[in-house]
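Chains as they are written, first to last, in the working numbering: chain L, 1 to 260; chain D, 1 to 297.
For the record, the hints were derived by calculation from the structure and aren't laboratory data.
Remember, predicted model here, so these are calculated numbers, not experimental data.
Some hints could be false.
To be verified - Below, a list of computed lysine to aspartate or glutamate pairs in the DMTMM-like style, where the Cα atoms sit at most 25 Å apart:
# : chain 1 : residue 1 : chain 2 : residue 2
1 : L       : K69       : D       : E98
2 : L       : K212      : L       : D192
3 : L       : K69       : L       : D192
4 : L       : K69       : L       : D123
5 : D       : K97       : D       : E9
6 : D       : K97       : L       : D192
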Amino acid sequence: MQNLPGDVMDRLQGPAASIAIRDLTVSYNRVPAVHHLSGDFPPGSLTAIVGPNGAGKSTLLNAIAGVLKPDEGTISISGLAPREIAYLPQRANIDQTFPISVLDAISLGLWRETGILGSTSSDGRSRMIAALARLGLTSLGQRPIGSLSVGQFQRVLFARLLLQDAALVLLDEPFAGLDTPTTTDLMHLIGDWNGHGRTVVAVLHDLGQVRKMFPRTLLLSRDCTAWGATPLVLTPDNLAAAGYPPEPWPAERQRAGAVQ
Amino acid sequence: MIIYHSIVEPFLAYGFMRRALIASLALSLGCGPIGVLLVLRRMSLMGDAMSHAILPGAAIAFLVAGLSLPAMSLGGLVAGLCVALLAGLVSRTTQLKEDASLAGFYLTSLALGVLIVSARGSNVDLLHVLFGTILSVDGPSLALVAAISSLTLLTLAVIWRPLIAECFDPGFLRAVGGGGSVYHIVFLALVVLNLVAGFQSLGTLMAVGMMMLPAAAARLWARDIWSMIVVAVLIAFGSGLLGLLASYNFNTASGPSIILTAGLAYLGSIVLGSNGGLVPRYFPKPHYHTLPQEPAQ
């Protein structure tokens, strides 16, 4: 990881974002994917959402991001406007053959400043260069996005998130299909976001990663199984209750043991 | 001398040839970028559908006002916008995707148009509406085509960024509150407008050729959007020029001559195109042994 130019990520100005969820139900064709969920993501917290397939993890993120409308209950987000959320969906519906360069692609992250017609300020431009440097993409700025590898492309999406400079960051399986060095780099970036006062919520499936890096966890299985400090949430009993297989894999247990 | 006779003289001697040439320049400038955006949005067949959809509007105007360009253009515009908006509305409110709802509406619209024309007009009229006559472009219709091109370029300049963003990553634009459907509808209106512009000169069916053939050919040469648009406009105007000359020298119908020339450019691009054409793909140059220098920021 390169040395960070100071201006890439400033400490968050203003209050940190918090999310209060009260009796939230979100359903598809009357089948609830998230069922009567209540709880809080405190300001400046770093929370992982884990749970088996179909537990409603992505649905919850979509509802927080405002993409899905709740059937019942409320999501109140304090401290920011809806468009101040930086959201990375799981399978972003992105046309990777689109003839656009890496720099142009990440410049969309400045949308709140440039809007439809505004031009990129010199400050915006230097932040773009700094964001590329932060993600190790400096030499790839002019490359068409179609020529990037999976890992490079995920770094581009993170550079765009970085430029969005939002108080609330929502990530859905941000490390799916990535190698260890890239995961480590991106994990550091998430840590920095959090360290600078941003509230981060990430859907993850690697429990070892969650135990190591995320202080808080929401264990979801349509209903909320447990929500709070990670060591108290990811207990064998809770995991079994959420529908995880009773015995974790040896590697999982080893990593878990190292933390607890 | 023979070159002068067959290439320069037609434009010097005949006003209708000059107007036809200017009309094809104006059409190229408007249709080039629109076609490129349609190709990039994977809506290449959209132009085709819309060109059929504008028929009933033009036909009704033809019945009411005779062979009047402003009336027929207006009728075509109204019919095209109705179909585009209805299709967009249906795809957002029902289970149908946009391509299916558009297919439903444009086929209905086309049948209605053919019914109207065949009930009242003769086959010659139908041919005129379908295939146009660029050589009959007069001052006012030239002004209309030029105005539509200018409007197209100005509008594109304003909505360029959201259009590109919506093309590339629609979810992101919605997430940052940039809208999306508004620009989509404005863009569809531009598609219809440009088809109407090509109406008098090329006819409803041929106009879409001026839009899609150069754009599809340009995709095989250019690697970024700007150069794609430049290549598309050049191919479109080149086809207009060469097609007009072919039409003059060999006494062929002007509209199809222009579109066929564009079609030749398209075929040539498929074979030779430097960005994924047949020859570069199947007879590749040897690979580099040291990585080429990335350009500086």
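Structure versus earlier hints, numbers of those that do not hold, lowest first: Checked against the structure, the hints that fail are numbers 3, 4, 5, 6, while the rest are satisfied.
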